[in-house]
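Fit chain Z to the given chain C structure using the hints.
Residue strings, one per chain:
Protein chains: 2
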Amino acid sequence: MQNITTAVIQQIMTPDKSVNLAKSKQFVAEAAHSGAQLVLLPELHATRYFCQWETPDNFSLAEPLEGFTAQQLSQWAAEFKIILIGSIFEKRAAGIYHNTALVFNAEGQRVGFYRKMHIPHDPGFYEKYYFTPGENSLGFSPISVGPLKLGVLVCWDQWFPEAARIMALKGAQLLLYPTAIGWDIHDTAQQQQRQTDAWTTIQRSHAVANHLPVLVANRCGFEEDPTHTLAGTQFWGHSFIAGPQGELLQQADAKTEQILLAEIELTQTETLRRIWPYFRDRRIDAYDGLLQRYFDAP
Amino acid sequence: MQNITTAVIQQIMTPDKSVNLAKSKQFVAEAAHSGAQLVLLPELHATRYFCQWETPDNFSLAEPLEGFTAQQLSQWAAEFKIILIGSIFEKRAAGIYHNTALVFNAEGQRVGFYRKMHIPHDPGFYEKYYFTPGENSLGFSPISVGPLKLGVLVCWDQWFPEAARIMALKGAQLLLYPTAIGWDIHDTAQQQQRQTDAWTTIQRSHAVANHLPVLVANRCGFEEDPTHTLAGTQFWGHSFIAGPQGELLQQADAKTEQILLAEIELTQTETLRRIWPYFRDRRIDAYDGLLQRYFDAP
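Those protein sequence lines, which keep their order, are chains C and Z. Take 1 as the starting number for the first sequence in the working numbering and just add one per residue. Take 1001 as the starting number for the second sequence in the working numbering and just add one per residue.
Worth flagging that the hints you see were computed from the coordinates, not collected in a lab. You can trust all of the hints, since none of them are fake.
Simulated crosslink set (DSSO-like; lysine-lysine; CA at most 30 Å straight-line): (1) C:Lys170 - Z:Lys1128; (2) C:Lys170 - Z:Lys1170; (3) C:Lys128 - Z:Lys1170; (4) Z:Lys1091 - Z:Lys1170; (5) C:Lys23 - C:Lys149; (6) Z:Lys1091 - Z:Lys1128; (7) Z:Lys1091 - Z:Lys1025; (8) Z:Lys1149 - Z:Lys1023; (9) C:Lys23 - C:Lys81.
In isolation and in its complexed conformation, chain C is listed as follows (with noise of 0.2 Å):
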């Protein structure tokens, strides 16, 4: 595979599941109409983000791997010929909960899925009491579709250079994430401008390490905290697709629902390992500090 158009979908959500499917479903036709062969959906698209406040009820949003999400994502991939990656709130087992992304093929088969690794909690983004981590067992491993290889990571993932890296070992292609973030509304504009800034730099910055285009697709839209205790949140959009050099090759705004399309070159990546040959280089007889915690003070 030489070349791939791909999509990504920036998304309102709304406390009604069947609304935001229908709507997603509604892009995907659209993105696939418009040449898309590749589809990335946002984290959590299924429902607006429920884990901005803590109730043993929300798990009743979970939906097992082979659930009514995913079978409409099934249907759509089959439906539009696409490559459709999407994300759940899967329910594994009584009390053992995941952020799983899933991928489709063009004729509709799931091909894999993904179990966020890395999971935020801080105000307002509560995950850890939501989501078991996925298994080292299972992830980061690339996901094949026919001849193509996905790295597949969800939001928290996308401020570790590790994730990502591991992947381009494993032979990923392209980097995705699906994301849910979005600014506390207390914050000053400088301090929102620099956040969104810095969301988008680490993330091109996997590319420009990896030599791997990425793609990005995030909410956007205002939800409020229905417990009132948080100022609930403004989701930032900025989705992006990025070259192999970090390059913006399309990036939304921060209010808008809309579709990027971009055509992607795929032997770019190996054009470019050759003048910049990094993973030549790697100095993996001194990267052991890597799995510390951290180096205490002696």
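Okay, now just chain Z, sitting in the frame of chain C:
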């Protein structure tokens, strides 16, 4: 130490070491007079970039750790009462030469050195011929200057998130990259732009991933290949100082010799690590793959 005023020198080098050192001294003096407490010089600032071609004669440019250039740096640090980070072509023994960064405290004492660990080698940057890679026993370790811990790395190291991460896990408070990088003048303006953007992005990303300020000092100016084998290198300047969210505090242009000056709040690192606690969440149980060269397809 709460705040520190830092300076980065961007300089054009000539074939004459005494000219280069005299100019560096002038810049260091100006930076100190402007309030800098710490000054970073570019990579191999005493000479032109001799790695453009390969000849045994060039090993004559190397100096011991206590050689002439190091003595000069020591004197300037003491005279101007600043922490000074310089760079030499080090002769360690006949047949063992390194690309070495030196750190002097404000009394002019050498408090540590770093031997470049990742060594490039590609047309016009034939460093594997000249430089023995630094040993694991020495790098990657921060250098202490009083209460301050400096994560000093050199040029090609900048492309490797692994190096920055290990420095951060060992308590570095600043990341510093003396560097010598430029364009092949046959590349298109668009290719040159993508290269410079990638270079800025990857180094800003080390700030983002680790919540550490980053200082980068590059040379500028055109240096021809005296063997006339290659077209020569236009060193691309763009030296910069970034804050701990990767925000650009100062950035130079492509061609002008100059001093960048920025005050850095060292306490911002902990503030940010409380808000974005990546270090809590690193999956050290799942990072073994980072010690692999590659995972060959089965």
